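Since the structure of chain A is already known, use the hints to place chain B on it.
Next come the chains, spelled out residue by residue.
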Amino acid sequence: MTEMTASVTAARPPSDITKRSLPASLIIHALLIAASLLMLYPLLWMVSASVRPENEIFSSTSLIPSSIDLSSYVRGWNGLDISFGQFFWNSLVISLLVVTGNVIACSLTAFAFARLRFAGRNFWFAIMLGTLMIPYHVTLIPQYVLFLDLGWVNTILPLVVPKFLASDAFFIFLMVQFFRGIPRELDEAAMMDGCSAWRIYWKIMLPLSLPVLATAAIFSFIWTWDDFFGPLIYLNDMNTYTIQLGLRTFVDSTSASDWGGLFAMSTLTLVPVFFFFLFFQRLLIEGIATTGMKR
Amino acid sequence: MSNAMRTPAGAINVERYQGAVAEGRFRRLWNANAPGYLFLLPWLVGFFGLTLGPALMSLYLSFTDYDMLQSPRWVGMANYVRIATADPKFSAAMHVTLTYVVFSVPFKLTFALLVAMALNRGLRGLPIYRAIFYLPSLLGGSVAIAVLWRQLFASDGLVNAALSHFGIEGPSWISHPSYSIYTLVALSVWQFGSPMIIFLAGLRQIPQDMYEAASLDGASKFRQFYKITLPLLTPVIFFNAVVQTIEAFKAFTPAFIISGGTGGPINSTLFYTLYLYQEAFGNFRMGYASALAWILVMIIAIFTAFSFLTSRYWVHYDD
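Line by line, the protein sequences are chains A and B. Taking the numbering used here, the leading residue of the first sequence gets 1, the next gets one more, and so forth. Taking the numbering used here, the leading residue of the second sequence gets 1, the next gets one more, and so forth.
If we strip away everything but chain A, and leave its shape as in the complex, we get (with noise of 0.2 Å):
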């Protein structure tokens, strides 16, 4: 869908380009790299603080550091009584799990609601829509007592067990939304012949579905490696802190004296994000276009 609203865009007449005068074009581009370096600039100096010798730090609002010092990694990195290494190692395998039961398990009840009939398809899938709107807050302190009673706190199982219950209905809206897009006759054709539904999920839809899988996986890992309400409240052992939990101790144990370690360590925990924003960005820029998932 979105491949056909950029070639509309390409395809429409240039006459309003055209018409347009120098001066409006390059005013507008003035002001859209004006508001582009207000945007970034906050970025930016905190990257170049984290490189900066540690008595340069507030010296400037300037971006150029006047050398490059990264002894404020290595101070930030040792800077608690577990260094930043276990708390990147927390996230990613909390964030890896996330993103496996994401997809299988949104992926599953996805193709039963778009691809499978059984009776009270329709009433499920209403109730599945209706959870989109219930916000966290209502099922959190239940979930919590039912997961403290179960021992499951300071362990990483109530962040990761529900994904692998289908709990982000945002994600099976998405990829039922997908897959009703994939023409029927490839199924109907595969029952006819004798395909189980597992097959047809497994060797149909999934290998036509790479780019919602995608989006979903991209989006999941993002969220889980920012989320810092779930492991605040079910991680209180400083071994399982994730990097969000790992970088606000750093703050609340270093808030006046180590400013460079503390810019370094946030710049390390926007890393990955950076990175699969890099990478991604057409896919998660489409996501937002198509679906206006949340932030």
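Since the hints were made in silico from the structure, they are not lab data. Only true hints are included.
As a list, the in silico SDA-like pairs of lysine to any residue whose alpha-carbon atoms are at most 25 Å apart: (1) B:221 - A:33; (2) B:250 - A:173; (3) B:221 - A:31.
From a predicted model like this one, the values you see are computed outputs, not experimental measurements.
Frame of chain A; chain B shown alone:
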């Protein structure tokens, strides 16, 4: 049904016959529906175990006192009565959250629309601009950005350093109760990227020939905006407004990091969700926090219902 099959040999034929029919029907039902329900199984378990069950439980808890050590004690409407009449922190949190919603959402959407319109002119470099404006939205939820924001608006932070170039001595924005909430509003507005992308997609759906016809008729740019762009964009504006408002009601991380979890100074950044967190996981008043959660749900539901009811007076749909 399968009982019929276990009847001893020589039992009455009719019964056996009916059993076989029932068996056949059951088999057909099973064959027709089993694959669907098997695929749905994980979701069904999650729905009953993690959504419906906990939601009912939380409704029950909201009528109790529950500290997680002793079993819940029924108190009727007491939690709700206290929230409505005798909880100054609730009214503070409500006030902060509403201020945040009222200031951040309109500004954010206005910026998003303005930038989307500037970008929707067949400019060179559109993908680069779009990416730059979207990046803060993507990074926004992380602790690092909240840390950065706290530094930007500190008394010796970048904002005041920039102001001092103009001879202005800025206050300590973060620790001044009159300003602290607006630093969070600014953070939210900075993240206008995702509504902007939705606006861009919406603008592309507007047929270009409408503008050409209008300018042939001599309509000014402003009139074209007012008579074509705005009305045709109302479904997208509506969507963005509802989504962003609900998100604003749920804001948590920036306030938590910037105020160090306190919602201070003087409750000026005590977001509703932050207060809920403090009650539940700081004071272990799980019953009271459940009541707070249900109040939030009701507020969001009322707001959403109101938006949908009023939408038919201003949202324009083609069909």
